[in-house]
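Numbers 1 to 686, taken from this note's numbering, label the letters of the sequence shown in order.
For the record, the hints were derived by calculation from the structure and aren't laboratory data.
Each hint should be verified, as a subset may be incorrect.
What the hints assert, rightly or not - Below, a list of computed lysine-lysine pairs in the BS3-like style, where the Cα atoms sit at most 27 Å apart:
1. Lys283 - Lys207
2. Lys257 - Lys626
3. Lys306 - Lys337
4. Lys363 - Lys337
5. Lys207 - Lys257
6. Lys306 - Lys651
7. Lys270 - Lys626
8. Lys626 - Lys363
9. Lys337 - Lys651
10. Lys337 - Lys283
11. Lys283 - Lys257
12. Lys363 - Lys651
13. Lys626 - Lys651
14. Lys270 - Lys257
15. Lys270 - Lys306
16. Lys283 - Lys270
17. Lys207 - Lys490
Computed from a prediction, not measured in an experiment: that's the story for all the values here.
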Amino acid sequence: MPSAGTAPRRAVQLAALIAMMAAFIAQLVGALLPVVPLFIAASVVNLGLDLVLQHTQPGLLSLLGRVRFDVTVRQLLRDMLILVALLNIDGIDPLEEQAPLAITLLLFYGSHFACQAVAVLVRRTRTLPFVTRNIDVSALRLSDAPPRILYRQTGRRLLCFAVPTTVGMMVSALTTEVYWGGIGIALSLACAVGGTLHLSRWLLPGKRAVGERRALAWLDDWLAAYRPTTGMYFSGGSASAYQANMWLSTLAGLDGKPVIVLRERFMVQKIEATDIPVLCIPKVAHLMRLEHSTLKVLLHPANSGKTSQILRIPSVKHAFINHGESDKLSSCNPYAKAYDEVWVAGPAARERYQLADIGVEDKDVVEVGRPQLAPVEPYEGAPLGRFTTVLYAPTWEGWDGNPGNTSVILAGENLVRALLADPAVRLLYKPHPMTGSVDPRAGAADARIQALIAAANSGRGGALPGPRAAAELARRTAELDRLTTAAFRKSADELERMRLQGTPEPGRAAAVAAAATAWEHAYWDSFPEWEHRVVTTVRPGVFSCFNQADVLISDVSSVISDYLASGKPYAVANTSGMAEADFRANFPTVRAAAVLTPGADGVAALLDSVRHPERDTLAAERARLKEQLLGPSEPPSAVRFGRAALDLCAKADERRVRLERRLSGIPGQRSQEAADTGRTDRSPAR
Numbered sequence: 001m002p003s004a005g006t007a008p009r010r011a012v013q014l015a016a017l018i019a020m021m022a023a024f025i026a027q028l029v030g031a032l033l034p035v036v037p038l039f040i041a042a043s044v045v046n047l048g049l050d051l052v053l054q055h056t057q058p059g060l061l062s063l064l065g066r067v068r069f070d071v072t073v074r075q076l077l078r079d080m081l082i083l084v085a086l087l088n089i090d091g092i093d094p095l096e097e098q099a100p101l102a103i104t105l106l107l108f109y110g111s112h113f114a115c116q117a118v119a120v121l122v123r124r125t126r127t128l129p130f131v132t133r134n135i136d137v138s139a140l141r142l143s144d145a146p147p148r149i150l151y152r153q154t155g156r157r158l159l160c161f162a163v164p165t166t167v168g169m170m171v172s173a174l175t176t177e178v179y180w181g182g183i184g185i186a187l188s189l190a191c192a193v194g195g196t197l198h199l200s201r202w203l204l205p206g207k208r209a210v211g212e213r214r215a216l217a218w219l220d221d222w223l224a225a226y227r228p229t230t231g232m233y234f235s236g237g238s239a240s241a242y243q244a245n246m247w248l249s250t251l252a253g254l255d256g257k258p259v260i261v262l263r264e265r266f267m268v269q270k271i272e273a274t275d276i277p278v279l280c281i282p283k284v285a286h287l288m289r290l291e292h293s294t295l296k297v298l299l300h301p302a303n304s305g306k307t308s309q310i311l312r313i314p315s316v317k318h319a320f321i322n323h324g325e326s327d328k329l330s331s332c333n334p335y336a337k338a339y340d341e342v343w344v345a346g347p348a349a350r351e352r353y354q355l356a357d358i359g360v361e362d363k364d365v366v367e368v369g370r371p372q373l374a375p376v377e378p379y380e381g382a383p384l385g386r387f388t389t390v391l392y393a394p395t396w397e398g399w400d401g402n403p404g405n406t407s408v409i410l411a412g413e414n415l416v417r418a419l420l421a422d423p424a425v426r427l428l429y430k431p432h433p434m435t436g437s438v439d440p441r442a443g444a445a446d447a448r449i450q451a452l453i454a455a456a457n458s459g460r461g462g463a464l465p466g467p468r469a470a471a472e473l474a475r476r477t478a479e480l481d482r483l484t485t486a487a488f489r490k491s492a493d494e495l496e497r498m499r500l501q502g503t504p505e506p507g508r509a510a511a512v513a514a515a516a517t518a519w520e521h522a523y524w525d526s527f528p529e530w531e532h533r534v535v536t537t538v539r540p541g542v543f544s545c546f547n548q549a550d551v552l553i554s555d556v557s558s559v560i561s562d563y564l565a566s567g568k569p570y571a572v573a574n575t576s577g578m579a580e581a582d583f584r585a586n587f588p589t590v591r592a593a594a595v596l597t598p599g600a601d602g603v604a605a606l607l608d609s610v611r612h613p614e615r616d617t618l619a620a621e622r623a624r625l626k627e628q629l630l631g632p633s634e635p636p637s638a639v640r641f642g643r644a645a646l647d648l649c650a651k652a653d654e655r656r657v658r659l660e661r662r663l664s665g666i667p668g669q670r671s672q673e674a675a676d677t678g679r680t681d682r683s684p685a686r
């Protein structure tokens, strides 16, 4: 079932395609008859529509390219129809007057293709074997990118440069004076030739980027100078960046020299604001250069197809840290046995791996807690204000089609209706960002839930924050955006962004943290206490929503494990089809939860226990489950995580020493690998 906005969007796209085809037909009819007003109107509409769609619907036009009707073919057809029209208009001599037009038009297209060839060469020279952030790349002498219309926008360039030709030809059709068309084509030709010459400057030594060999030599020198010890490796799609972003503050707090290793070029800009050096190495052959660096440990927040490539480096120890733990089978992926160690939050995850029997040995499981949960505030008792704030944060539908994965489809609307029916409830709805990505029913249910909340808000009222609250939010937003958002001009490419995103200013990380905290306070203060909220943006994060909530309703997911850090009451929607006893037995995170049915039975009792803590019979069980899932409060999770990183670094050092001794004991057989390892391992273990 398509989402609510899909059908109208498709209708607009279909209408645009039909309009373009109709314009071509009208242009053809007007050229052959000839009907000059029809021909001129169709020509202008045709070119104008193509220009507009280049800006607004580039994906739609790419479909035409698949059937060999790309922008070059379309513009060439338009120009040919113009020449046909001029042939049929009385008063224009086809031999004496149109031949020069045709020749000049051919020169224009020749210069267009020459510009395209130069653009391809420039793109190749401006593609390095790696992409960086937070690293000083001044030694690479990177230059600003060429104008985007010359460099990357082939279709838009052709259409824009063709505008003088079309205008001149239209004037010739009206006046039968061919020299107007000649002037137009001459202007188009001058634009194409001038653009080609201007773009060619980026092939000269002063603007040309360094070659692959010199770039890789620079990378080796940077690794040798920076001497990284512990890094985070990440590969994935654009929607998965949150899996890496949740670990940034933890990685920054480790001893040693941290680094982030990525594989996809687009992911460099998906990583949130951080002072940690970011290094993207797309090719496996170049990735192997890390073997001869001081890097000792790589942490993996997710599995991907490219993970196996980095695991081939024997000098680096690898730990799987995951991006969240739950009772789902996906938290016990058999791929985990490929890592040297599996770091989990607490004893429950250790037991889960052993029960799963997937080849992960107990000695390789290390309990480190969840250091990112430090911002989660502890339980302070019953709600103090007029409203009980309920956070409904369902997970997404997953890949396996299990109806128990998400409550959105079967229970979401019922739960929301039951909550909205209580006048003393303030609802915060934060769906998983991937909701609806697999099952369209989830996306449709999510849209209906948001509509229910909007309707409920329209029937509510009360005191509103003053204008100062909105002004404060705007000020805090501007400040946070200034610190966390890189401002690039539209023509900027990878190399220009690398140059601009060099070594961060000292203290930037602390400034970002302070600005984020101030923004969160301003965000919540800018809304009335009675207003329900739908939170689908990156900010505020789920931990900020935890701190606003008095109770959580969710599914079997890592959200529950994280929320337990607060000690507050929570509930789980049972859409698995299991009886409640079986549901609790199969999913330990449900043990301290109120269980809600798909029909929302149990919501009233849940709210009563939140408002009257003396009726909360699960408080003691939550405390026990918190320690089982997240480990002890002392020492703090950040300390345990840091200790685990140091221990694994020490194991990497021991392995290198053993290898060097073994190879050095074989006469004449000391390998270059061992020699390189020995050169890069002169620093003590951190």
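Of the hints stated earlier, which fail here?
2, 5, 7 and 13
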